[in-house]
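Hints in hand, dock the two standalone chains.
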Amino acid sequence: MGANSHRESFPWKHIIGFLLSLVLTFAALWVALSSGLPLKAVIVIIVVFAVIQASLQLFMFMHVNESDSGRIQTFNMAYSFFIAIVVVAGSIWVMQFVL
Amino acid sequence: MKWSEFFVTGEPLIYAADVAIVLTMVGIVFVLTYFKKWKWLWNEWLTTVDHKKIGVMYIICAVLMLFRGGVDALLMRAQLTAPNMKFLDAQHYNEIFTTHGTIMILFMAMPFIIGLMNIVVPLQIGARDVAFPYLNALSFWLFFFGALLFNISFVIGGSPDAGWTAYFPLAGNEFSHGVGNNYYAVALQISGIGTLMTGINFLVTILKMRAPGMTLMRMPMFTWTILITCVLIIFAFPVLTVALALMTFDRVFGTQFFTMANGGMSMLWANLFWIWGHPEVYIVILPSFGIFSEVVSTFAQKRLFGYKAMVGSIVGIAFLSFIVWVHHFFTMGAGPAVNSAFSITTMAIAIPTGVKIFNWLFTIRKGKIRFTTAMLWSLAFIPNFVIGGVTGVMLAMAAADYQYHNSYFLIAHFHYVLIAGTVFACFAGLHYWYPKMFGHILNERLGKWTFWLFMIGFNVCFFPMYFLGLMGMTRRMYTYSAGLGWTPLNVVATVGAVLMGIGFIVLCYNIYYSARYGERDMTGDPWNGRTLEWATASPPVHYNFPVTPVVEDVDAYWVMKKKYGGFHVKEEDLKPIHMPSNSGRPFWMSVAFFVAGFGLVFKWFALAIVGALFIVLGLILRSFEDDDGYHIPVDEIKRMERAARKGA
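Sequence order for the protein chains is C and A. Converting from the first sequence to the numbering used here requires adding 14 to each position, the first position being numbered 1. Converting from the second sequence to the numbering used here requires adding 99 to each position, the first position being numbered 1.
Hints were generated in silico from the structure; no laboratory data involved. Some hints here could point you the wrong way.
[To be verified] Only part of the chain A face toward chain C is listed, based on derived beta-carbon distances under 7 angstroms:
{"id": "1", "residue": "N370"}
{"id": "2", "residue": "I374"}
{"id": "3", "residue": "A433"}
{"id": "4", "residue": "G434"}
{"id": "5", "residue": "Y608"}
[What the hints assert, rightly or not] In silico DMTMM-like cross-links for lysine to aspartate or glutamate, where the CA-CA straight-line distance does not exceed 25 angstroms:
{"id": "6", "chain 1": "A", "residue 1": "K661", "chain 2": "A", "residue 2": "D725"}
{"id": "7", "chain 1": "A", "residue 1": "K307", "chain 2": "C", "residue 2": "E80"}
{"id": "8", "chain 1": "A", "residue 1": "K702", "chain 2": "A", "residue 2": "E143"}
{"id": "9", "chain 1": "A", "residue 1": "K307", "chain 2": "C", "residue 2": "D82"}
{"id": "10", "chain 1": "C", "residue 1": "K27", "chain 2": "A", "residue 2": "D117"}
{"id": "11", "chain 1": "C", "residue 1": "K27", "chain 2": "A", "residue 2": "E724"}
[What the hints assert, rightly or not] One side only, chain A facing chain C, incomplete, derived with CB under 7 angstroms:
{"id": "12", "residue": "F334"}
{"id": "13", "residue": "F421"}
{"id": "14", "residue": "V425"}
{"id": "15", "residue": "V437"}
Glycine included, C-beta positions come from ideal geometry on N, C-alpha and C.
Chain A on its own, in the form it takes in the complex (with noise of 0.2 angstroms):
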């Protein structure tokens, strides 16, 4: 392989982007060694296996990878906003519609909603870590070394351009001959193997975990949620391990599982894709539905209302996204009663989903509304979360779904309701628990310009596709004659995606501004909470509870504070607490899992096989360590219990 090959050359914006990069690691390294960090940076956050600094981390790539995609979105924007441009050529641009849709559901939507749970669930469940700590350090090394491979592809060998459901068969040998899929299949299966080991992890934590008086039914709504989803991530996620390693064969070895002759069926990767994909958008979903149940309870200052309506409809929606799968290709024609059976199922989800708006509204009726930031995204939420999911049951219409299919129609339906849903949830979360993870707390007055700002800017960026879909856009397409009417809608479409980013450039100024002049929370519950995270300091010691408390309803700490004034804890009750050692094994077995993964892109076996032999190595070193954690004697508890409390 030539040089001019491997790595992408002929675009100038790849050439900037070159430059951008090897600046910006240079910029790191210096900073890191200018200021004498990577002992630091090694011991606290490398080898960490404290699920508040992983869920950190988790987060900060999160944001980094929603400017990535939502660069791709704003050139996708920039290309479409006038008829016949010449911005990117039909090759590019397929290239960043790929790697847009695979970034923010995969690698931004995903890490962001596992961060939050990572730093919160073990807070209201009244636990001090995860059931697996090292697991979960493995889960996030995975998980980004998996992201890194996919970035990476822009500037080496050249990105996935089949969309972000690569169908067969043109993701196959055949129509796709770069290594743009195979980082595709590699990227995307590290990091579901990373994924994979999180939902095993905390759906272990929530079952066996929880604080003494947590009954399955007084668990906060959070919670509930993540348990739900981790059913469905172990549920859905070896079907897409599977159809990745399938697709892996086919494209690295020459196996025929899709291609079109020797008996390979390329409709099966749609089936085997769905399957996982559908469950996949009801995992970053529920989630979500738990961040706007708390922050909408914790607001309108009342306990949440139809605790129990609402887990039914989650075990409800989470039933019905197995059974709903082949309404994403109705037109592959499978006939009357495969489309008529999956079209009912579809409509179905609407009833429980419907259970729960009532549920945010009633709970909302008649109570004390404090217009936070965090509140004002979940209230937005609502009637933009319905918008989307009216539409969905209108594609939900086999016959009806004949002309909406892979039109803007879709683009606009799918976007209210990830972004209106899950994106919206994670900057709830994200100023809602804020002061929990970094001990104070976001600038409310740039929060709500940056919440006006996006909010209005993505009703404007996506409200128009709706009508561009029924005047009959059709997604992916590169560009449009003039004599087709659709500029005006297009111009007020970018001028809407602009709106967003300047929203999220006020988000990350909020972030700088907020850490250096931000309101410090001394309390470690600045919005009069009511369930367990705020009864830690913030940001919680890593211990968490130096005493675990003990949950008397499904609103605990709120009834702590009206019972006993509070969670308090006798210093003669402090025992030593047993907490899990670092590790640097996790992080340099997923380096191992990049370079076998890198190996594999590029056909290159011998390092792949490099690799594979490092990932055993650590495997087997894990078998054979005996390392049973440490206990912090109660001496250093009482001193870190006053330092982390001396404010309150």
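With the rest of the complex left out, here is chain C (with noise of 0.2 angstroms):
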């Protein structure tokens, strides 16, 4: 049991996750809602929250630096993102008829 044998006393990285995570999320809520920035400021400015938030979430939460499976957890990613990109850029490219 790897994870289990050194356990902390207080699971204080998944505190400071949290609560980072609750900040950026209101942070974005804030900019999209109330903040008065153009529409592509707030676009860039919430992706970049969300990539942030993200991979706070990958080292915080999924202790994803921690396994020794670490090529495994590359590759994962890698895929990830290029399933990311083909779904979201090929459904802008392939509905840009009607858009």
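Spelled out as structure tokens, the structure:
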């Protein structure tokens, strides 16, 4: 039971991750609803927030750097990015004639 | 809502079904009570976390759903046999082709494949169970109650009627007023969550729980295909989850994601559906390739030809499967650049698939072939699947597809790949692994009858459909006029469908006959197998392996037999075995999903919230549960091993 043998006394990582996630979520909400910035800027800012939060969760909650299967994890994430790009960019490309 | 709207009324066929359902339920309750089997049912099956029992339950459901979907198919064939038939009306026909498609893909093919992988994969990799046995039980029960919710639609509320693809705007509130498409959205969502968890479960199981010595490139081919299938499930099913959630919002809460008005994009549903849907067909075909690889190699009594090329082509197919989805709606008219790009990626899939076909052929070449039932299904798969594949390349040409699209040519094509691919594989796998599941062999003579009836019937049924398509017959039309000249080929197709039905009946009789009189498999290795599942007893003791086997080769058990004369366990090597505890929670949580889903379908939100609260309660109870399973003491293992091996 590798993960359990060095159990922390208090789950600091989870608390910090949780709080930072909340901050980032509400910041994104504020930027989108009441910052008054132009639409393009809003989109860029909330995407940046989303990427930060996703990586935060990978390290704080999912312990991506603690496992011994680094190659599998790297491959997994690279493939996830590929699929995300295919789904999003592909859909925009395919559907642009009705947009 | 009036009772006459709640229950489907007005159709003699439906009333007959009502009676049959009530009688069946009374019968089941009576048998369970009379033989005092309730406790047995609960302890041995409903609360089990054993991957083999869960697999058996998946396969039982799949065979039942094959019956249901098959009856739908026969009703459709009856209606289409002659022009201007009055057997079914348009609405009833719409509901039947919708449920036929949805059930055959999601509640027949998927659980059959998942059932086989549940039974076989942990055995093939030398593991004692899957990585998350509790989650595995939850996956099964979510699938079960999703399927149940979908199936009750035809007597309660009315079935979905917008096709298994449920294209908007037809499937939206503007054109489908009943609750039918709510059932579609919610039932698929519930069973889809189960499938997603299965994908995660088996990915972790295969990556983390292989026996010592089994490197990735020493995994049996079936395990390889399941690994890649899990990757496809994990990346494709979230798209379905999101699309179905948006559909539910549109239908139940009145949002406008896919509607015609207020900025909705109806074709975006088609786009999202096929981003999931195309990988989905590879989710059911890749494991089939794995089954054929195992069967062909075992019964040609040769090592699988081109193992590395096989692995490479599976990965290649999986990669390509995500970048071809637009070929399902070339006729949407997205423009020459889009259509050409997806046309090329689609044709490219023929390359890795062709590699696999040649690998199987070279495996058979100069082999000492044993023509068992499982082998017959595998041999028949190759030419039949090639017919389906070649017509697929014809459909892949975007310009030509404008002619073929939604004609019976397409119907023939996808039945040739899905039946000759997936269904033949399920039957091959069922016959091949049946002794592992139940300890006796399915009768070969009856098995061959099933094979010939079904295989000939399949070709008689679907080959004429290519020509009907070229003659202009389009799918989903409930009747046609006599002057079109389609009658002779339609009659032929119906004859084929009846032959397939008879083949299915023979299979069911075979299951009964073999249970009573079938040859008992005392060796655990009735086919002279090559992989680790044959190193266990038939059926395996619930912990599978008394000690973890050590793997030295792709054909792990074959090499063991050659080198050491089998898989031997010394009693002094035994150690207490750690096993997971049974739990009733996956069952009642899935009941809660069912209740919540039923509430959503009928917009009875109070009921939906009650169901949802019980789901959350289940999650909370699980989070605070402190159950690390139990250990089987060595004496107990010794006793069980002697009991299981007394015939060997």
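Q. Measuring from the C-beta of F334 of chain A to each C-beta in chain C, is the shortest one below 7 angstroms?
A. 5 angstroms, holds
Q | Restraint check, 7 angstroms cut-off on beta carbons, for I374 of chain A near chain C | A | With a minimum Cβ separation of about 6 angstroms from chain C (threshold 7 angstroms), the hint on I374 of chain A holds.
Q. Are the Cα atoms of K661 of chain A and D725 of chain A separated by 25 angstroms or less?
A. 45 angstroms, violated
(Q) Hint F421 of chain A vs chain C: min CB-CB distance below 7 angstroms? (A) 6 angstroms, holds
Q. Taking 25 angstroms as the top limit, are the C-alpha atoms of K27 of chain C and E724 of chain A close enough?
A. The hint holds at about 23 angstroms.
Q: Grab the minimum C-beta distance from Y608 of chain A to chain C and call the hint holds if it beats 7 angstroms, violated otherwise.
A: 45 angstroms, violated
Q: Given the hint that K702 of chain A pairs with E143 of chain A, test it: the Cα-Cα distance must not exceed 25 angstroms.
A: Violated, because 36 angstroms separates the two Cα atoms, which is more than 25 angstroms.
Q) Does the nearest C-beta of chain C fall within a distance shorter than 7 angstroms of the C-beta of A433 of chain A? A) Given a least distance of 5 angstroms, the restraint on A433 of chain A holds.
Q: Verify the interface restraint on V437 of chain A: the C-beta must sit less than 7 angstroms from at least one C-beta of chain C.
A: 6 angstroms, holds
**Q.** K307 of chain A paired with D82 of chain C [C-alpha distance capped at 25 angstroms]
**A.** 11 angstroms, holds
(Q) V425 of chain A was flagged as interface toward chain C. Is the shortest Cβ-Cβ separation under 7 angstroms? (A) With Cβ-Cβ at 6 angstroms, under 7 angstroms, it holds.
Q.
Check whether the Cα positions of K307 of chain A and E80 of chain C lie no farther apart than 25 angstroms.
A. 15 angstroms, holds
Hints 5, 6, 8, 10 from the list above are not met by this structure, while the remaining hints are.
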